[in-house]
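K.L.:
Sequence order for the protein chains is C and G.
For the first sequence, the numbering used here assigns the number 1 to the initial residue and increments by one for each residue that follows.
For the second sequence, the numbering used here assigns the number 1 to the initial residue and increments by one for each residue that follows.
Just so you know, these hints were derived from the structure itself, not from any lab.
Hints may contain errors.
As the list claims (entries may be wrong) - Simulated pairs of lysine to any residue, SDA-like, Cα-Cα distance not exceeding 20 Å:
id, chain 1, residue 1, chain 2, residue 2
1, C, 166, G, 314
2, G, 109, G, 134
3, G, 403, G, 240
4, C, 65, G, 174
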Amino acid sequence: MDGEDPTARREFLKTTGLLTGVLAAGTPLALIAPSRAWALDLQVLTSTEGRTLLMVSRTICPHDKLEDAAYAVVVRSVDESAAHDPRMLSLLRAGLRRLGSDFASADEDERVRRLRAVERTAFFRTLRTDTLGTLYTTPMAYAYFGYQGEAFSKGGYLFRGFNDLKWLPDVPLADSGPMPGQGGA
Amino acid sequence: MSRIAHDDASAVVIVGSGAGGGTLAHELTRRGIPVVLLEAGKRQSLATFTQVPGAAFAQLTWLDPRTQSGTWTVVEDYPTLPSWTCKTVGGTTVHWTGATPRLRSWEIKPRTTYGDVSGTSLIDWPIAYHELMTYYREAERRMVSTRRNGVPGLPASNNFKVMYAGAKAVGYKRVHTGYMAINSRPADDRAFCIQQGFCVQGCKTGAKWSTLYTEIPRAEATGHLDLRIESMATRIEHGSNGRVTGVVYRDRDGQEQRQRARIVCVACNAVETPRLLLLSESGKYPRGLANASDQVGRNYVHHVSGFIWGLFDKPVDFWRGTTLAGIVEDEIVNRPARGFVGGYHLELAALDLPTFPQVGLPYGWGRSFASIIDDYRNIAGMFINGEDLPRAGNRITLDPRVKDADGLPVAHIHVDPHPNDSAMRRHAQRQGTRMYDAVGAKRVVLSRQTPATHNMGTARMSANPADGVANAYGQTHDIPNLFISDGSQFPSAGSANPTLTIVALTLRQAGYIERQMSAGEI
């Protein structure tokens, strides 16, 4: 249209946000990731909303040395559901307004205080559920918490440490059982 | 596999393919009796089981909507998942953890043993223990239970070493790696357990017994089984003489089908079994089928349950190894001096990382909550499995407001725990805490009641028809050719994981059905 400010036009076309970050050097993920820089293009949320949600998620489950990139996966999941569910989007927007636009930069005590104030709302319950349901599912989380995941593809844990605990005595055979192929088989 | 015509009225129709239905299908077809087996879910295999916990949950779990109410904490903690069972060929034997303890002789006489406990609807089982024991032995041979019939136990995992040391330190005597229908050596044309720790996601080696790859293919091999997957039973029909005549179901294309039947056996797990009976109400049976006593759906029991986690300052790596291979048997006694009647098992438990925060922990968030997960490598775990007492008001009903995809009322679960349940839970939590403290735990975390994986009692057997739904063979009091073939028929929960008892009762029921058919009674 004639006379339109090109910047405004760009804002009109691109109202949704981008979350970016850089992985800390030497962390498990940085060792395997193709690049230390990461970016998440949001479908419906703005950058500020995305950043606030990331800090909500980090405040719900604070793991200090876990990368922002791990929490960004929660934001991606929330953004994805909001993109397909207008009610979810308005629930999020209303909740984010209550938290305040400076939530992400507030200190942890303040963030906890503001979340406590909305703890009984559907907004908070949804984000708590999404954080618990998403944060611990990724290779990043597996590496961070030391969880090895499935072992079928490697022959199970039978010969990979299922009984390697040494700080307590072994269980007598009568109350345990033989390794397959040894005794009784 | 055979194809049985919809209007063929000679077949036995079994609804549900889990421990009860899948085993019954095998037992009847091997006797030459034609069976139509209706299963609401899809058919998976060792190859299609996924090792992504969330995907496995979605692949196997019964996720049709249910509603709930009552004072049990599950209403608040798991509003959309009061019960955690399966919707797949093999039913809940696909995700079960393989524990096959027996009920004790006094546990099947709870009214006699516990007396008149106020606020309960206790009755004794109408079956002699020595007879149940005959079928326990047969079931244990069939499922290849460890520590029975000369089958060795499973080797102890790290997680069990912690449980064992703690149990011995507080004076427990009967502590071992359990009676498990998980192969400790190759048997039954199935592999041995490689200690993957992925029992609940579907056992990819088949070391764990499941009707999916034992009873059902063996039933198919007889040539007398017609298994129909993605077929959701919606109604059981009857004739003017009151006997059932067939089952209406939705096939995989959403088309309504009607299978005629000589006999109908309902084995949908104890939430859906009463729902189907109630959905089948008619002019002749206005309260639903087999419900002259008004007991269908009542007396719902689900076990006192909950996790106990010990956090240590050294690694346990508790996810490595057979999930539930460990028990303490010492508390399976009736000693009212503890402050409650009935007993409980303490059973080994572990959860994969994605599931742990969602199901394993009490509600929480923030520093204290997250710090538990920070210690994930250093956690040892166990699970309380105790007898909860039946109450007439703890029941499954049809939700008057919420409908499923077919427009039928969903199951509504109401539970108000008896004070006895709460007292038992506190005792078990105290004992579990003592165990972990005794071996140096820096912190013990207790979960609340978990979604019910053991559902029982909602179409119970009773000597007196006024007290229950079925006789000692699971045959309904009101309708001779209608049977209850799952844990719904348990008059009480006992403290044992239910699958072995379901299989034992099914083996007994199959012989009874054959005799009744031969005699021309049904």
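K.L.:
Please name the hints from earlier in the document that this structure breaks, with their numbers sorted from lowest to highest.
P.N.:
3 and 4
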